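Asks: Kindly produce the complete structure, drawing on both the sequences and the hints.
If you want the building blocks of each chain, they are given just below.
There are 2 protein chains.
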Amino acid sequence: MPKVSEDHLVARRGQILDGARRCFAEYGFEGATVRRLEDATGLSRGAIFHHFRDKDALFLALAHEDARRMADTAAEQGLVQVMRNLLKDPAQFDWLGTRLEITRRLRTDPDFRSEWSQRSEELTAAATARLERQRSAGRLREDIPTEVLLRYLDLVLDGLVSHLASGQSTDHLDAVLDLVEASVRRDSRSWGIHTD
Amino acid sequence: MPKVSEDHLVARRGQILDGARRCFAEYGFEGATVRRLEDATGLSRGAIFHHFRDKDALFLALAHEDARRMADTAAEQGLVQVMRNLLKDPAQFDWLGTRLEITRRLRTDPDFRSEWSQRSEELTAAATARLERQRSAGRLREDIPTEVLLRYLDLVLDGLVSHLASGQSTDHLDAVLDLVEASVRRDSRSWGIHTD
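Going line by line, the protein sequences match chains A and B.
For the first sequence, the residue numbers in the numbering used here are 1 to 196.
For the second sequence, the residue numbers in the numbering used here are 1 to 196.
Rather than coming from a laboratory, the hints here were simulated on the basis of the structure.
Treat the hints with care, since some could be wrong.
Derived, one-sided and incomplete: chain B residues facing chain A with beta-carbon distance under 8 Å [claimed, not checked]:
| hint | residue |
| --- | --- |
| 1 | GLU30 |
| 2 | LEU106 |
| 3 | SER162 |
| 4 | LEU173 |
Covered by chain A, per the in silico footprint, the following chain B stretches (three or more residues, Cβ under 8 Å) [unchecked claim]:
| hint | stretch |
| --- | --- |
| 5 | 88-102 |
| 6 | 138-151 |
| 7 | 174-181 |
Note that this is a predicted model, so its numbers are computed, not measured.
Quick reminder that beta carbons are idealized off the backbone N, C-alpha and C, glycines included.
Replies: Dropping the structure here:
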């Protein structure tokens, strides 16, 4: 395929994803009708669904973008930094709410759940690798296995998404994340400080 | 009002709430149509909406039942026990998913948010009182204010609801809750055990 055409495809795909993200954030998953997706992307349904099979595919591609961005952060700075970044970006909170709306489908639709999990694998892998590096460097508490620490951080991340998406106050959340970070580290409590 | 009639009202209200809970759990908030609510409760729409103004009121009454039950547990045994009880009761997981579906409305509909918050006040009050008792008894870590610990436990609870409602594995969650419990306690790490 000629270079120009490939650039064009990538740009078009990005245009669709950006518009769709705004559309889902504003109207929710159910409310993001084909008409509204056309308005938000500035493209016809034909063009949109040429690039993405259906609304599910569009939504999963956005979830994948999130997972990839989070994985980049998690690989370098850990899951707590992923959470600090979420906290600093209120413009994303409405979109986070859309992610919650599909929870029922994750539970009741095995195909959808399987596609969703594939897209979060990258994040899980990055977070696991980072935790293992931290463990080798002697920075993690030694009394708790890595998979339990990972599940713990995941649970707090889910809680943060749910909290931010429901428009609750962000008071104290920085301090909460400090506590979470300290609670996976070696002896952070007796040191009185935590360092990276 | 004569005693018999009041008993009848309470029983009828309970019958409606039980049916509605099953109906929301099965079909979600949007999918719980008036027809399906009639089927699930065995009562006419007239009877249902004689007791509850509308579907929102029904949903909020169920959320209030949850909050009250959780508050009872939180008052005696703390928020971590509330989470342990959720974990032990998979029959409730579908209903938890319905709670997530209304997240968008919590963010976008101030009246709904205000009604929802009123109903969770009891739980917050019970959890706060319990933490303060634990603090007086010298069982809480001293380096972190009570309101931060409360927000932390709340966040983990939200994360657990989200995790269970999306049908993810419950592996390691008992160990995660042990970690959460230990991380709010005084010196639990150096003791190597935690006691109540």
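Asks: Broken hints, numbered, in rising order?
Replies: Violated hints: none; all satisfied.
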